[in-house]
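Asks: Read off the chains here:
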Amino acid sequence: MSAGSHKTYRIPIGPVHVGLKEPVTTWLDVDGERIVKATVRPGSIHRGIEWMARERNPIQVIYLAERICGICSFTHIVAFLRAVEDAAKIEVPIRAQYIRSLVLELERVHSHILWAGVACYTFGYDSAFNLGMLLREKVMDVLEALTGNRVNYGVGTVGGVRRDLTPRAAKAVREMIEFYRREFQTFLDVVTEDPIAKARMRNVGVLSQEDAVKYCALGPTARGSGLRVDLRHSSPYEAYGDLGVTPLVPQDYNGEVFGDVYDRFFVRVMEVIQSLELLEKIVDGIPEGPITWEPKLPKVLSALKAADGIGWGIIEGPRGDDTHVVKLTKGEENVTWWKVRAPTYANAVSWPLMFKDQEIADAPLIINSIDPCISCMERILVSDARAGRSEILTRARLVERCREKTRRLMGA
Amino acid sequence: MKLTRALEILPKSLWVFHCNSGSCNGCDIEIVATITPRYDIERFGMKLVGSPRHADVLLVTGPVTKYMTERLRRIYEQVPDPKVVIVVGNCGASGDVFYKSYSLDGPVDNIIPVDVYVHGCPPRPEAIIEGAAKAVLLLEKKREELLKAGASR
Chain A
2 MSAGSHKTYR IPIGPVHVGL KEPVTTWLDV DGERIVKATV RPGSIHRGIE WMARERNPIQ
62 VIYLAERICG ICSFTHIVAF LRAVEDAAKI EVPIRAQYIR SLVLELERVH SHILWAGVAC
122 YTFGYDSAFN LGMLLREKVM DVLEALTGNR VNYGVGTVGG VRRDLTPRAA KAVREMIEFY
182 RREFQTFLDV VTEDPIAKAR MRNVGVLSQE DAVKYCALGP TARGSGLRVD LRHSSPYEAY
242 GDLGVTPLVP QDYNGEVFGD VYDRFFVRVM EVIQSLELLE KIVDGIPEGP ITWEPKLPKV
302 LSALKAADGI GWGIIEGPRG DDTHVVKLTK GEENVTWWKV RAPTYANAVS WPLMFKDQEI
362 ADAPLIINSI DPCISCMERI LVSDARAGRS EILTRARLVE RCREKTRRLM GA
Chain B
61 MKLTRALEIL PKSLWVFHCN SGSCNGCDIE IVATITPRYD IERFGMKLVG SPRHADVLLV
121 TGPVTKYMTE RLRRIYEQVP DPKVVIVVGN CGASGDVFYK SYSLDGPVDN IIPVDVYVHG
181 CPPRPEAIIE GAAKAVLLLE KKREELLKAG ASR
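Read top to bottom, the protein sequences are chains A and B.
The first sequence maps to residues 2 to 413 in the working numbering.
The second sequence maps to residues 61 to 213 in the working numbering.
If you are wondering where the hints come from, they were derived from the structure by calculation, not from laboratory data.
Each hint should be verified, as a subset may be incorrect.
What the hints assert, rightly or not - Using 27 Å as the maximum straight-line C-alpha spacing, the simulated DSS-like pairs for lysine-lysine come out as follows:
#: 1; chain 1: A; residue 1: Lys328; chain 2: A; residue 2: Lys340
#: 2; chain 1: A; residue 1: Lys38; chain 2: A; residue 2: Lys139
#: 3; chain 1: B; residue 1: Lys126; chain 2: A; residue 2: Lys340
#: 4; chain 1: A; residue 1: Lys139; chain 2: B; residue 2: Lys107
#: 5; chain 1: B; residue 1: Lys126; chain 2: A; residue 2: Lys331
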């Protein structure tokens, strides 16, 4: 066919689509099998979480923050708690910091294994998916032993954690580490050494190093493009200062970096192995001591009521940097405002770049390759909502802001 | 037929269409855990299907945001009769932690009729399997009613 006669067709994907686990709408302009242009429309599961927080006190907001996303729930809790503790100048005991790091790493293990499994499922490698999900149940058991819940653990509280690491739970963590050292290599081998799996992922959805910087990619997406960025390394929080984390990039293992789906896959599965080392260090090095700054809840609440100021909490979640900013006002029980910036929003901006000139059959794989967490992404942008300016928060205005954000993303 | 026997003498394997109407993903990963090797409800032939037109059961998670209301209604209408709607998770049943939000039309029973509620935030996979067993009974009842009303097999 001559170049001039090409006609593009627009294919809508989503909001509810079998290749997507969460609602997001994507329109792909295709020329034959080749994707020419991609447009993303987020906002389908916007629940107004930041707005709801304005009617709740920080302890209640913890459980709301947990339900921003069910996969990286503890990441959101810790980021929120660090912001509140920063605003109220509360110091967290070292044992509590270690337990937080422990649960964060366990969460990273389960999130990465889940993602790796789903990625295999996306290109039709169901046996690897089922193997991954089978392996994942082990870490779910440990999380349940440690916190009492499989998902949405509810162990964080302002100034510490709510559950101690008992010797039995520590033993379960050690057993889990041994189990994964023994079994996880199988999963790694069946995927990375499978020629078809490699062919489906190599040179698909490439994000170059410069583009990753330009489009502010975060977490494993950025590391898959060869950038050495990891908040656990560059600005350690909780117990990570003692643990010594180095960013994991594909060029250290394979000698070169492509920035494709395979590299992002590789980074995530290797991070599971890295997390096992960190978990071992945490369980070995955990100091004795109290697990909360103040066990009595009314005392915590009155301290938070007296607090005044803005606090920040930035941590490295399984998908990238998770930033929470909280404003507390003296004399007010409730959170004055709260802003969440989850990593998927930054990563989703690079979708159109990854889609460009790819085949339509690779689209779900590319969507999945940044490990999108749509429920994390659906935020409103309220930058200033002091008393007296509450008219900003009318629904029409919020909807408009939501659309503004969409337009901005569409322009990217 | 007793609930405990529902999965043993299964008249038909349920085919399920899953619609996420704004959930936090917690329920969705537990649903995935339900169909994968540890809990493995697929051994009864129950599976997630790609189109509502192939499904017997519509499984809804999430508190239903305004954008998803119309989509959820459309999906419900596409599922052929007899059909059963299962709501997984507290937020689909009552709004739960998302109560008082400006951008929700839910809970789910405001929009489509719901037959089975599975509670928990998120529910354990065992609870989701129990919900599926209840759905089997309900589906049989609905099928009989339809046959009595003169529908052809």
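Asks: Against each hint, give a clear statement of whether it holds in the structure.
Replies: So, going through the hints one by one against the coordinates:
no. : hint                  : in the structure
1   : Lys328/A <-> Lys340/A : holds, 9 Å
2   : Lys38/A <-> Lys139/A  : violated, 41 Å
3   : Lys126/B <-> Lys340/A : holds, 22 Å
4   : Lys139/A <-> Lys107/B : holds, 23 Å
5   : Lys126/B <-> Lys331/A : violated, 35 Å
Hint violations for this structure: numbers 2, 5, all remaining hints satisfied.
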